[in-house]
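J.: Using the sequences provided together with the hints, build the complete structure.
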Amino acid sequence: MPPNPIQKKHPSPDPFSRLLETTESLVYRNGIHATGIDAIVKAAGASRKTVYAHFGSKDVLVEAALRARHDRWMHWFRTETLAIGHDAAARLLGMFKVLESWFADPGYHGCAFLNAAGEIGDAASPIRMLAQEHKADLLAFIVETASGLDVPAAARTTLARQWLILIDGAIAVAMVSGDAAAARDAQAAGAALLAAMSAPR
1 MPPNPIQKKH PSPDPFSRLL ETTESLVYRN GIHATGIDAI VKAAGASRKT VYAHFGSKDV
61 LVEAALRARH DRWMHWFRTE TLAIGHDAAA RLLGMFKVLE SWFADPGYHG CAFLNAAGEI
121 GDAASPIRML AQEHKADLLA FIVETASGLD VPAAARTTLA RQWLILIDGA IAVAMVSGDA
181 AAARDAQAAG AALLAAMSAP R
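In terms of the UniProt record's numbering, the sequence shown is residues 1 to 201.
Errors might be hidden in some of the hints.
As the list claims (entries may be wrong) - Computed cross-link-like contacts, SDA-like style, restricted to lysine to any residue with a CA-CA straight-line distance of at most 20 Å:
hint: 1; residue 1: 97; residue 2: 141
hint: 2; residue 1: 58; residue 2: 153
hint: 3; residue 1: 58; residue 2: 35
hint: 4; residue 1: 97; residue 2: 117
hint: 5; residue 1: 97; residue 2: 189
The hints are simulated quantities; they were obtained by calculation from the structure and are not laboratory data.
T.: Set out below in structure tokens:
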């Protein structure tokens, strides 16, 4: 099994980056509300003064840490998916194989953005809006990948939305059950969707 592609192997030497990495790690493992500034500064070897000088508040720090995770996660997922080959259907189905490697990591705690949205009820919160942006970007990548399918554009759009639900469903089931095979179940459901879409009418 490959190492967790989402977490950095070594902490950054500069305090700013180290604060982001530490916040991301603690929030992902423990949640936003359960992670206090004191825990962050202690783990990062920083000070409250540094936190507030760079970010102004815990919420801004958490948002910045999640933004960094969003960028890294999307880069990882996109790179791994595109490495599968040039066939659109193979890439779509291969997304679940990519996810399975993530699910199997001992440090897996679900989707950081679904978790954050579950904690932040305010629709106007920048953290919640970032969670929405993450899912919108993931959907856009699925749409891009599905563009290679030889089906009408409307069908591809519908499929992409269904694919996002399969992905998020697998992410949630794998987190709750601890079973990485949720990715294979979602892949089988995706294969059935593709077969139904391609069947003669």
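J.: So, for every hint listed, does it hold in this structure?
T.: Now the hints, each set against the structure:
no. : hint     : in the structure
1   : 97 / 141 : holds, 16 Å
2   : 58 / 153 : violated, 43 Å
3   : 58 / 35  : holds, 10 Å
4   : 97 / 117 : violated, 25 Å
5   : 97 / 189 : holds, 13 Å
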